[in-house]
Structures are given as C-alpha cells and as structure tokens.
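**Q** The listed protein sequences derive, respectively, from chains A and B.
In case it helps, our numbering puts the first sequence at residues 1 to 163.
In case it helps, our numbering puts the second sequence at residues 1001 to 1161.
If you're looking for bench data, these hints aren't it; they were derived computationally from the structure.
Glycine residues also receive a C-beta, built at the ideal position from the N, C-alpha and C atoms.
A few of these clues could be false.
[As the list claims (entries may be wrong)] Here are the computed distance ranges between Cβ atoms for each label pair:
#1 A:Asn69 x B:Val1017: 25 to 35 angstroms
#2 A:Thr112 x B:Thr1083: 15 to 25 angstroms
#3 A:Gly109 x B:Thr1083: 42 to 52 angstroms
[Claimed, not checked] Result set (DSS-like, lysine-lysine): computed pairs, CA atoms no more than 30 angstroms apart in a straight line:
#4 A:Lys5 x B:Lys1005
#5 B:Lys1005 x B:Lys1044
#6 A:Lys5 x B:Lys1044
[What the hints assert, rightly or not] If the Cβ cut is set under 8 angstroms, some of the chain B residues that face chain A in the computed set are:
#7 Pro1023
#8 Met1024
#9 Pro1068
#10 His1089
#11 Ala1095
#12 Gln1119
#13 Ser1121
#14 Pro1136
#15 Tyr1137
#16 Asp1138
#17 Tyr1159
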Amino acid sequence: MAVIKPTLTLTANTSAATTNAGPLSVALSLSATDLLTVDNVQSQIVTPANSGAPTLLIGGDTAAGADGNDTPGTHGGFIYFKNTSGASATNLIYIGTTLQGATAPANMGAGTTALDHADDASFRLITLKVGEFAFFPWDYMQDIYCGASAASQTLEYWLFDRG
Amino acid sequence: MAVIKPTLSLTANSNTVSTDPGPMSFALALSVTDSVTVDVVEQKLITVTTTRASILDGSVIGGATNTPGTVGCYIYMKNTDTTAGNNVHVGIVAAAHASSDPATPATDGATSSLDGTTQESLRTFTLLPGEFAFFPYDYCGDIYVESAQNSPILEYWRYDR
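Whenever a hint applies, use it, and build me the whole structure from the sequences.
**A** Following this line, the structure appears as structure tokens:
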C-alpha cells in the first residue's frame, strides 16, 4: 500500500503583536502530522456553476465503488480542497452535501437549500474564500456538490482513497 | 481583528521507493498556507463515547442568517487516541438533507446512526487514532460525534470568522 504524509500547522502571534496580532494572549503553535495509507488518487480543477444547478463534484456511491462499501474507518478517503480562483474578496466557492442519491441542493440563488443561500437551511457546509483550503477524511456517505459566487472561478480538489 | 495562519503540506514519495512508497509514479509535494481573520477561539478536549453527542449547534452559534464567507468558522479536530479501533465518527449534519431525511443521527442500530454501514448513515467522516481534519464550516447544521469503541479524546478547536 502507498502512503501520504499530511502535516498541518496552525500558528498565531500573541494579541499584543503589532503585526498580524493573534486571537489569544499567548502565541499559538499547533502542529499535527500523520502517515495515511492510500491507493487511488483523483485530482481535478473544476469550474463550479454560479447559476442554475450546482455542480456535482463527487458522488459518494461512485467513490465508494458501490453500495455496501460503507464501513467506517475502512471505506473512505481524504479530501483536499482549495479555492484557486483569481484574487477577489467576492470570489467564493461553496461546498455542500446531500445523502447519496438524494435531491440535489436547489439551483443557485433559488431556494433555501441552495449552496449560496444565506440561511441555516442551506445544504452548504463550507465556504472557501480565495486561497482558503480544507483537508478532512470523507466516508463516501454523501454526494458532494459545489457552486461559485461568480463565473469562471476554480476549485482544486484531491481525493486520496483509503488503502 | 486577529489573524491565524494555517499551513498544510501533503507529501508522498514516488511509488518506486522501498520505504513508504507513494500512490503515484512521482513524488508529491503540495503545500498551501493562508492568513485568516478570526475573533472567538474555542478549544475542547472531548471525551467521545459510544453514545452520540452534539458538539456544535450551528443555529446557536451562527444564528439563522448564515451569509457565506462572513458567518462561519474554521474547525480543527484530531483523534488523540493511539489504540487501533478507537475511532471517532463525525457527522456534519445539514438542517435536513431532504424533507424525508433526519437532521439528527439516530442512536446505534438505526440506519442514520453515525456507525451505520449503509448510505443512510449521517456520518461524514471517521478519524482513526492520530488522524486530523481542518476545514471551514458555515454553521448550517450541527456536528455530532461518537466513538466506535472505548472513550478516545477528540481535540477540537473552533476559530470564528
């Protein structure tokens, strides 16, 4: 089996610092690293829809290789997302989920479950501003959808399947 | 406003090396860093048990209006346990995936439970001992946790946008 090594650091200055002051009275230096066993790798840079139906990014059932492959800790993968759009404070990427095969989020700008809806009924889990990223395991139990606040934005994703 | 600086690197050897070969024919060295503006910081060491528990109520923290990119947070979670099998199941649950779907994971034994092995489970991911996650979260829904066995400690940080 193959191995990948993710390392995350979270740092912050003290709140007294004159440049890039942190949120706490103490400096923060948090670090985590791991070795993860994986096999298949999937990566793509997509241009999410900014109107109409949201873009189905990854179907959980397809990624799992069929129903029944849903054992926690055995079936699943590790996802990396990054909003790679051009610099703009308004270039947002929205990411949300539904259960496998369930009704998709409403069309962008239309309905409370839409990924861009400013309501807690939205199916949106994550908003990525330009340059922001996410890394987390994913058990393939849901379908992942994405959308964008403007045309021609880009989302990079990597999916490393648990080996 | 305060600033935190998250950095992620993802590395892998090529598949031809003898120690820790990677999944591809070439070495991977992916690195990303950012500076994000935050205010409130919350940190907990959560003893996760086999009984489902809510650790974040999105409507309580974020309210009903969740403007994308404005209302939300950055979440870091790590399963600090070291014993194989002491996994943590995490469900990031939308208010309701559909009118017929539950918004709260069921207790063990029912299809939507966090340890369910069918597609009806509301489990989003499983953290094996030592595994971690970092992601923005928009407070649209709630977060639940449950252990596969025993009582692993989940390190949890929330940095509010």
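**Q** Kindly indicate which numbered hints from before are broken by the structure, ordering the numbers from low to high.
**A** 2
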